[in-house]
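Trainee: Each chain, letter by letter, is given below.
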Amino acid sequence: MVEDTEFREQVLRRAGSEVLTCIQCGTCSSSCPTAHLMHPSIRQLVKLVLEGRKDEALNNRTIWLCTSCLLCTVRCPRGIRPKSVVAALKDLAEKEGIRSPDAAYEELFLKQIRDYGRIAELPMTAKFLLSSPGSALQSMEMGLEMAPKGKIALEIDRVKRPEEVKKIIEELGK
Amino acid sequence: MPIGVYVCHCGLNIAGVLDMDELKRYAETLPDVAVARDLPFSCSDIGQEQIQKDVAEFKLDRVVVAACSPRLHEPTFRRAIAKAGLNPYMLEMANIREQCSWVHMDRPAQATQKARDLIRMAVAKAALLRPLERETVPVSQEVLVIGGGVAGIAAALDLADAGMHVYLVERRPTIGGYMALLTDVFPTNDCSICVLAPKMSEVFNHPNITLISYAEILNVEGSVGNFMVQGQKRARYIDEKLCKGCIDQCASVCPVEVPSEYDFGIGKRKAIYVPYPQAVPLVACVDPKACIGCGRCVEACQADAVKLEQEPEEFKFNVGAIIVATGWQPFDATRKEEYGYGRYRDVITSLQLERLLNAAGPTKGEVVRPSSGQIARSIAFLQCVGSRDATVGNIYCSRICCMASLKNAQLVKEKYPDTDITIYYIDLRAGGEGYEEFYVRAQKLGINFVRARVSRIEQEDGDLYLIFEDTNTGEVKRVKHDLAVLSIGLEPDRSADVIGNILGLSRRPDRFFEIAHPKMRPVEAHIDGVFIAGCASGPKEIQTSIAQGSAAAAKAFKLLQKGELELEPTSAFVDRDKCIQCKLCVDICPKKAIAVESPAYVDEAACKGCGSCAASCPVNAIDMRLFSDAQIMAQVRAATEKKDEFPLIVAFLCNWCSYGAADLAGTSRIQYPTNARNIRVMCAGRVDPDFVLEALRRGADGVLIAGCRIGECHYVSGNDQALQRVNVLKEVLGKIGLDPGRVKIIWCAASEGEIFARQLKRFVDELKEMGPIGTELRAGEAQEAT
Ligand SMILES: Cc1cc2nc3c(=O)[nH]c(=O)nc-3n(C[C@H](O)[C@H](O)[C@H](O)COP(=O)(O)OP(=O)(O)OC[C@H]3O[C@@H](n4cnc5c(N)ncnc54)[C@H](O)[C@@H]3O)c2cc1C
Ligand code: SF4
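One line per chain: the protein sequences are B and U, in this order. Its first residue numbered 1, the first sequence is counted upward by one per residue in the numbering used here. Its first residue numbered 1, the second sequence is counted upward by one per residue in the numbering used here.
In isolation and in its complexed conformation, chain B is listed as follows (with noise of 0.2 Å):
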């Protein structure tokens, strides 16, 4: 039984029809370098769009997680696209106003680039601190750790031509 046609059909369209032919090997997801981390695994997130199930498809860390390395592609003995379907539902997620757990702190990062060209770790660290307190003993350990290397910028100097920066970023928003 599918559940929504509708999302099934959506995911589809931008992944490919191939993904009916998924035989839920599981080479996708042995083959992902991220897989300790992901529930569901790939492979069932390819079953829960199959059956067409998009709240779970949709609201979870793993479509998060794909680093885009695509060995669940090359490796796929369908000739499936995994990775596409996982870029499929966070598109489809984003549309539905789903945020990845760490969207946050990418709408910040994007901003300093807008703005500034390049990034400063502390202004931006003081920043995301700022809006998620939570995570700040954790950061705080790093920074330690990394300030002495030299790894912290203190102050935002500005790239020489900012408003490409700019150009690059709006043009990739499209």
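Calculated from the structure, these hints are not laboratory results. Every residue, glycine too, gets a C-beta built ideally from N, C-alpha and C. A few of these clues could be false.
[To be verified] Calculated pairs, DSSO-like style, for lysine-lysine (alpha carbon to alpha carbon, straight line, at most 30 Å):
#1 U:K413 with U:K364
#2 B:K47 with U:K477
#3 U:K241 with U:K289
#4 U:K480 with B:K47
#5 B:K90 with U:K477
#6 U:K199 with U:K562
[Said to hold, decoys possible] Cβ-Cβ distance ranges computed for the label pairs, FRET-style:
#7 U:D418 with B:K151: 52 to 60 Å
#8 B:G79 with U:H517: 25 to 33 Å
#9 U:L218 with B:G79: 36 to 44 Å
#10 B:G79 with U:D463: 29 to 37 Å
#11 B:K151 with U:P417: 33 to 41 Å
#12 U:P772 with B:E9: 40 to 48 Å
Use these hints to put chain U with the ligands onto chain B, whose structure you have.
Mentor: Chain U with the ligands alone, transformed into the frame defined by chain B:
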């Protein structure tokens, strides 16, 4: 030429829709018609007797039956008129059931109109029918079997026992194929070579079999009944008559040792060798690639059998039929880099395991880790390696490897009960008599099954780690084993290319040889007189390979036993005065039936009557005995004689696929518009551009050409040729100011009645849009005038 016309009611199947009285009365008015009748059931005895009575009474010399599809009852009515003393080919049928009453049930008036046209077309064609004789030609009663695996052996023995002489040509120094190298075999786990060896010696000793080993076929000419075969026997560097096969004397002094292909690289052999002790013929062979020419074997052989200066020998013979049993070859596991085969020593193939398990194999039956020589304690079987895998281009299932792994797992477990065995599978395929029971047996022996497709193998500190998702629990795991067995798939033998080209056989997308029909004709090739058995047409187990060998033998026997062949008079023939020797037809003929002699000459035994040559001949020097140019032209003219429907479509349907599809639309009662007047041709490639132009010239609004789907043409490439011609035609139409869309070509399989109906409907809509033929010309003129 008095013609009789019989309009069949077929109960209410036809009479329920069409106006039978009207059709009968109309038929009476057609030229040359001496008598027209409507019959309740023309195929019944009463119906047939009526026709026979009329033949005598009205001195009919040709008969038209307007009834069901000729694909159904043409043979019936041919027999019926033959009984009345007419030549059976003086019959023409009008298909007013499948292609009329059944598909236009809600438009009886237009359907009756269409039936009138179809009857008029049939009468016009009937007037041009000529009596034809079925010719007989003498045939050779010998058979060539290519490949001496278990399938080829079965075929050769059955034919030889039935009294036919067989040439068995085997590429390797011994017959036996892969079966000879397996250990015990499923589903009974009996020793493979023990059951095969007696058959192999029987072949060797059979008075009706000429075994030519270590040889290849170079060329085949001719056609069914008379194939001329030419080949070469490679040099063994051994006098076969002198060699006793003792092999000790020569091999013990040979200084060169190489990996043995008969042990799949895990055992060794000398440069002079016999493949294995049961080899047939039991004659040594010198491997020219390995031999350093030291000559020690020459001295050692007491029989004086080693002849290092030996040359290859050519051979030639004639046969009436050919059985292709070239088998399979293993998938090259190094292509799956992620499994480390070739880099990690303890990753082996299923065939290597077969040799390890074999008591006569390199380890005398011990299953050891190649890296250490120690008995393996934890063994993984990886299924579907090189099968069901789009990344290596093999999407098919190799069918036997699940069973082979179940078997080998059992054999290991029985020998070493403490060994831990896991089979990693996607789906376990055990369909066959006794196969599921065999699976249960493996489960009861304590073999583990994990539903997973291993994504890679890693080697660490000499151990193997398999990484996979256990798909039943969803866990991604990394599990240690000390031996990994890759269940490699079966691919067509590498010689399939060569043999396929020599014989003109077609191949499926999976590269195995294609059989004439995937269900109804399991061992026949598309080429008459050629049969395919065993793994040459796809992976299969021993039992089925033997069954196919025997089936092919029976087919060959049936074909040749009379010593002569009756030919359907469908063939092409050349008007030698008209032929300008351009040789276009020679290239076009898919059956290689036209010879290059000048002028062209058709081998009527090989010709299957597709008519593509006739359509392509620039000077109309080739014509067909059935479906002649004049007959088809007469149908075209009759179809366009009256135009009481718009758009009027003249449709050419190929006998095998689209005519079948149109019939199926009928049997499925799929309703579609009445606009098409169908003309049956053997192949879409038969449609001469002249037919199309004549139809348009005489006022047809559109012409439809329907063939088999690309790649599925009954004559291999007729539909491709039709497509090329249509493309040229479209250009011509464009140049003279007609809409190129008035000619349409479509593809449908015989199972695609739905598609035929849909395409026809679409064409009708397109033509309505264009308007009656010539609309565009008048529009063009009007434009010029302004
Ligand atoms: C690991 C493994 C285990 C198996 N175990 C079992 C089992 O337990 N039970 C079972 O039923 N099946 C088993 N099979 C399947 C079995 O091997 C096949 O069913 C069988 O080999 C098919 O026989 P064949 O004659 O069609 O082909 P082949 O055995 O491949 O024989 C073909 C022959 O033709 C010759 N040849 C090829 N090309 C040419 C040419 N151009 N000219 C002349 N000669 C040519 C070849 O040299 C060969 O001798 C197993 C297969 C594998 C891979
Ligand atoms: S038989 Fe089994 S192992 Fe072989 S390809 Fe088919 S499913 Fe895979």
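Trainee: Now look at each hint and say whether the structure bears it out.
Mentor: Going down the list of hints, with the structure as the test:
1. U:K413 with U:K364: Within the cut-off at roughly 17 Å; holds.
2. B:K47 with U:K477: 20 Å, holds
3. U:K241 with U:K289: 24 Å, holds
4. U:K480 with B:K47: 29 Å, holds
5. B:K90 with U:K477: 27 Å, holds
6. U:K199 with U:K562: 28 Å, holds
7. U:D418 with B:K151: 52 to 60 Å: About 55 Å separates the Cβ atoms of D418 of chain U and K151 of chain B, which means 52 to 60 Å holds.
8. B:G79 with U:H517: 25 to 33 Å: Because 29 Å falls inside the window, the suggested range holds.
9. U:L218 with B:G79: 36 to 44 Å: 39 Å, holds
10. B:G79 with U:D463: 29 to 37 Å: Since G79 of chain B and D463 of chain U have Cβ atoms about 33 Å apart, the given range 29 to 37 Å holds.
11. B:K151 with U:P417: 33 to 41 Å: Roughly 59 Å apart at Cβ, these two residues miss the hinted range, so it is violated.
12. U:P772 with B:E9: 40 to 48 Å: For P772 of chain U and E9 of chain B the Cβ distance comes to about 42 Å; the hint holds.
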